[in-house]
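Could you slot chain B onto chain A? The hints should help.
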Amino acid sequence: MKPHPAGATPMTISNDPLNLQAWKAGVTPPARFQSEVWQRIAARAPVRSRLLDGFFERLILLLPRPAFAMALGVASIGLGLGFGYTAATHARSAALQEGQALYMASINPLSHAASSLE
Amino acid sequence: MKKRLLLAVLTLIVAVLAGAIAFVACYHASVTPSCCRDHHPVAKELGWLQHEYHLSDAQLERIQQLHADFAPRCAEMCRRVGTQRARLAALIQAGHETSSEVAEALKATAALELECRQASLSHIYAVAAAMPPEEGHRYVSTMTAAIVAPGMPAGKAGNSAMSCDTNHPR
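So the protein sequences, as listed, match chains A and B.
Residues in the first sequence are numbered consecutively from 1, following my numbering.
Residues in the second sequence are numbered consecutively from 1, following my numbering.
One chain only, chain A, in its complex shape (with noise of 0.2 Å):
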């Protein structure tokens, strides 16, 4: 049997030389070798997706906090109450305009009549 180019020696429990399952390496990577390969793995991410990880890791550790969970529902409350307004003037508005455009022709024989011949 070939020995390990890395120095590793093979178990003696099976006679297998692809036995994988019981295959140990016999050299102890330095201290540092798991934090390096996590730093270039790290080095190589996506910046964006770095911002975006940090950004809601930052969110989660924030939203439950009291002060910030109350700014969040007072602001959502005033956006609710703006758009409300917004939508209930237009909606209002065009109302109104349908109601007159109803009441001139509801006292007008002549519209009547123009858009029956149409």
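Derived from the structure by calculation, the hints contain no laboratory data.
Just so you know, not all the hints are guaranteed correct.
What the hints assert, rightly or not - Derived DEER-like restraints, expressed as beta-carbon distance ranges: (1) 20/B - 68/A: 16 to 24 Å; (2) 104/A - 25/B: 27 to 35 Å; (3) 114/B - 104/A: 14 to 22 Å; (4) 111/B - 94/A: 32 to 40 Å; (5) 94/A - 101/B: 41 to 49 Å.
Said to hold, decoys possible - If you only want the chain A side, here are some residues facing chain B, beta carbon under 10 Å, derived: (6) 62; (7) 68; (8) 74; (9) 76; (10) 78; (11) 81; (12) 87; (13) 91; (14) 97; (15) 100; (16) 104; (17) 109; (18) 110.
Being a predicted model, the structure only gives us computed values, none of them experimental.
Cβ atoms here follow ideal geometry from the backbone N, Cα and C, with glycine treated the same way.
Structure of chain B alone, referenced to chain A:
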């Protein structure tokens, strides 16, 4: 971390719900005139009238009665005008010159339209009388300009002849 995530999601849900409730409450509180809420055409017409001319409920009730009384007359006049206009159109399309029959039909159509305008004007005066004086005056100006004498500027009926004279090119 899981607990914080749950709290954050709950906070967001509560905030969105609060915003939605605020939206619905503000919308319903702001859409005040009955014409915006009621989808019935008559309610829309009279709702607009009440809103535009600041009518009390008693005034609106009186006007509603006048409106209901005028509706069948208006429908009958509409039917007669429609028939007369159709007859006139048929005569015009059938001939190639202004025959006496076409001339008579034109006169009859004009007379009927005049009758309709007079009926509308009577109704407008009756409705205006049920309103506060200033609002009634404004109502008459607006309605006559739109219905009885289209093209006449509202509230400037007395000056229209003078302005025509002064603007005439010499």
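Results for each hint:
Separation of residue 20/B from residue 68/A is about 20 Å and conforms to the stated range, judged on CB atoms against 16 to 24 Å. For residue 104/A and residue 25/B, the hinted distance range of 27 to 35 Å is satisfied, since their beta carbons lie about 34 Å from each other. With their beta carbons about 19 Å apart, residue 114/B and residue 104/A fall inside the hinted range of 14 to 22 Å. Residue 111/B and residue 94/A have their C-beta atoms about 39 Å apart, which keeps the hinted 32 to 40 Å range intact.
One distance hint, 41 to 49 Å for the beta-carbon pair residue 94/A and residue 101/B, holds here, with the actual separation near 47 Å. Annotation: residue 62/A was flagged as interfacial toward chain B, and the flag holds, the nearest CB pair being 8 Å apart, inside 10 Å. Contact between residue 68/A and chain B, as hinted, is supported at the beta carbon level, the nearest pair being about 8 Å apart and thus within 10 Å. Given hint, residue 74/A at the interface with chain B, holds; its Cβ is 9 Å from that chain's nearest Cβ, closer than 10 Å.
Hint status for residue 76/A relative to chain B: holds, with the closest Cβ pair at about 4 Å, below 10 Å. Given the 10 Å rule on beta carbons, the hint for residue 78/A holds: about 8 Å separates it from the nearest Cβ of chain B. Checking residue 81/A against chain B: minimum C-beta separation of about 5 Å stays under 10 Å; hint holds. Because the smallest distance between the Cβ of residue 87/A and any Cβ of chain B comes to about 6 Å, under 10 Å, the interface hint for this residue holds.
Interface restraint check for residue 91/A: the shortest CB-CB distance to chain B comes to about 6 Å, inside 10 Å, so the restraint holds. Contact between residue 97/A and chain B, as hinted, is supported at the beta carbon level, the nearest pair being about 8 Å apart and thus within 10 Å. Look at residue 100/A: its Cβ gets to within about 5 Å of chain B, closer than 10 Å, so that hint holds up. Restraint check, residue 104/A versus chain B: the minimum CB separation of about 6 Å is within 10 Å; hint holds.
Because the smallest distance between the Cβ of residue 109/A and any Cβ of chain B comes to about 4 Å, under 10 Å, the interface hint for this residue holds. Nearest Cβ of chain B to the Cβ of residue 110/A: about 5 Å, under the 10 Å cut. The hint holds.
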